[in-house]
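Asks: Put chain B on the given structure of chain A with help from the hints.
Quick mapping for you: the protein sequence lines, in order, are chains A and B. Start counting the first sequence at 217; every next residue gets the next number (the numbering used here). Start counting the second sequence at 217; every next residue gets the next number (the numbering used here).
Be careful, since some hints might not be right.
To be verified - Keeping only pairs whose Cα atoms sit at most 25 Å apart, straight-line, the calculated SDA-like set for lysine to any residue is: (1) B/K221 - B/Q237; (2) A/K401 - B/Q237; (3) B/K341 - A/H223.
To be verified - Facing chain A, a subset of chain B residues (Cβ under 7 Å, in silico): (4) Y226; (5) D227; (6) T282; (7) D301; (8) R336; (9) R441.
Keep in mind that the hints were calculated from the coordinates and are not lab data. Predicted, not measured: the structure shown is a model, and the values here were computed from it. Where is the CB? At the ideal position from N, CA and C, for every residue including glycine.
2 protein chains.
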Amino acid sequence: MRNLKLHLRYDGTNYHGWQVQPNDRSVQETLQGAVYGVTGEHVKVTGCSRTDAGVHARHYVCNFHTETKIPCERMPYAMNTNLPDDIAVTLCEEAGEVFNARYDAKSKIYVYRIHNSNVRDPFEKDRAWHYPIPLKLENMQRAAEYLVGTHDFTAFMAAGGQQKQMEKEMYEVSVSQQDKLFEIKVHANSYLYNMVRIITGTLVYAGNGKLQPEDMKDILLSKDRKRAGMTAPPQGLYLHKVFYE
Amino acid sequence: MRNLKLHLRYDGTNYHGWQVQPNDRSVQETLQGAVYGVTGEHVKVTGCSRTDAGVHARHYVCNFHTETKIPCERMPYAMNTNLPDDIAVTLCEEAGEVFNARYDAKSKIYVYRIHNSNVRDPFEKDRAWHYPIPLKLENMQRAAEYLVGTHDFTAFMAAGGQQKQMEKEMYEVSVSQQDKLFEIKVHANSYLYNMVRIITGTLVYAGNGKLQPEDMKDILLSKDRKRAGMTAPPQGLYLHKVFYE
Chain A
217 MRNLKLHLRY DGTNYHGWQV QPNDRSVQET LQGAVYGVTG EHVKVTGCSR
267 TDAGVHARHY VCNFHTETKI PCERMPYAMN TNLPDDIAVT LCEEAGEVFN
317 ARYDAKSKIY VYRIHNSNVR DPFEKDRAWH YPIPLKLENM QRAAEYLVGT
367 HDFTAFMAAG GQQKQMEKEM YEVSVSQQDK LFEIKVHANS YLYNMVRIIT
417 GTLVYAGNGK LQPEDMKDIL LSKDRKRAGM TAPPQGLYLH KVFYE
Chain B
217 MRNLKLHLRY DGTNYHGWQV QPNDRSVQET LQGAVYGVTG EHVKVTGCSR
267 TDAGVHARHY VCNFHTETKI PCERMPYAMN TNLPDDIAVT LCEEAGEVFN
317 ARYDAKSKIY VYRIHNSNVR DPFEKDRAWH YPIPLKLENM QRAAEYLVGT
367 HDFTAFMAAG GQQKQMEKEM YEVSVSQQDK LFEIKVHANS YLYNMVRIIT
417 GTLVYAGNGK LQPEDMKDIL LSKDRKRAGM TAPPQGLYLH KVFYE
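Same shape as in the complex, but just chain A (with noise of 0.2 Å):
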C-alpha cells in the first residue's frame, strides 16, 4: 500500500479548524471527501497537527494510505479540482510505509500577523489580528528573547491542553516589524495548548506597557496561565513551516 505524504496551504477563515467535527466543516473532512473523489477510496487523513478555526497554514503536511496507482506529479492537480478554492495541494510525495505526519514532524515555525493602526484595514480582515494601540517593537524583541530555549511553558497553555510534556525546546522567536504591521515568529520543537496564541497575546503587552520585558523570566517561573497575557485571536495565527527529518 503506498502512504502519500500532501503538502497543503489553506485559507482557515471557513473551517472549524483541522480535525472532523460533529457539526462543522473541517478541513480535514474537507480533504478526505477529495481524497474520495480522486480514488474512490474511504481514507482516514493524518495531519502534522489541530490547527483551531480560523487559523491558516503557508505550509501543512498530512498523510494517507491508499491504492491509488495516480502518480505523485499528477496528485495536485487532481485533488485541487476536488477541492474548493481555500485549500490547495502544492505538493505530493511518496512517503515510507511508517511515516506520520503527526509524530513524525521534527518542528514547527508558527507566524502571528499583527496590524498595529487605530484604523482597520479591509485587506487583513481574517488575515491579521487588528490591535489599535501602538506598540513597541524593541520591548517586543526584547520580552521574546526570554523565551528562547528550553524551558517549562505551563504558563503559556491554555486550559483544556492535554499535554504531560510541558519543557520545550524553542529554537527561535522574533519579532519584525514592517510599517504597521508585526510578525512574530515561533520555531520550537512542538507546542503546547495556544500556546502561540497566549505568546503572542503576552508580546503584545510588553508592546504596549502592561508588562515590562524582563516580566517574561517570573511568568515562565511561574507556571501560571493568569500571569501570561490574552490569548490572541486565531485569525493572525499561520503555521508557517513544518520539518521532518
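Replies: What follows is chain B alone, placed relative to chain A:
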C-alpha cells in the same frame, strides 16, 4: 454647508462595484447608509470612479455635503463603526464647496495583480488573477512601453463604454515580478471602460507568446477591440491612488 472628502480602502469581493444598483449591494449605498447612521442625513456620496463588481480599492476618494458638526478627526472612527469590515474610512478632510471627487480627479494609479503558478494560492483567492501559463516578464515590460504617452485607446475599451474622449495620457505602464506575483501598474489622467483590465489581458498575451511586444503599436493604431487581448477578471484590479490638484 460642509463638503467632506473621505478617503477609503475597500475589498470589493462582496460588492457589485461602487455605484448603487437596484438589486445588489454597492459600496456607495453601504457608505450612504453609514453616513445616515452617523449624521441622520440622507446624502448622495460622489465617488472618484465607478469600480466594477469585485474590483478593490487601496485608496478611493469620495465626497458629500452635510450639516453635521462632527469634526473631521472623529469621522473615520464614527463611520467605521457603522461600516462592515471590508470597507474602511482612513481619513476625512474639509473640502471647498465646489469640490467633486469625480470631476476634480487629476489622475489615478491602478495596480493589477497576477498570481502566475500552476497551483492556486488560497491567500490570493479574490485578490489576484490566478494565471497558470508561464509569463515572460521581459516581454510584458517591452510591450508595456508602447502604451506610455498620449494615444487613442479605443482598442482597449470594452463595448458599452460611453466615453467620447478616446485619447488618454499615460504617464506610466510598468510590470514587475516578485516570485510568482506579477504586478502591472498603470498611471493615466483618465480611463476608458475596462481599459486597465484589457491592457492587462493584452500584456499577458505578450507574456505567454500569443502576441509580440511590438504588436502593441499596431493594436493601438487599429482602434479595434478585437486586436487587443482578453479582459482580465476583476479580482486582480486595485484602484491604488487618486490624485487631485
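Asks: Which hint numbers does the structure go against, in order from smallest to largest?
Replies: 2, 6, 9
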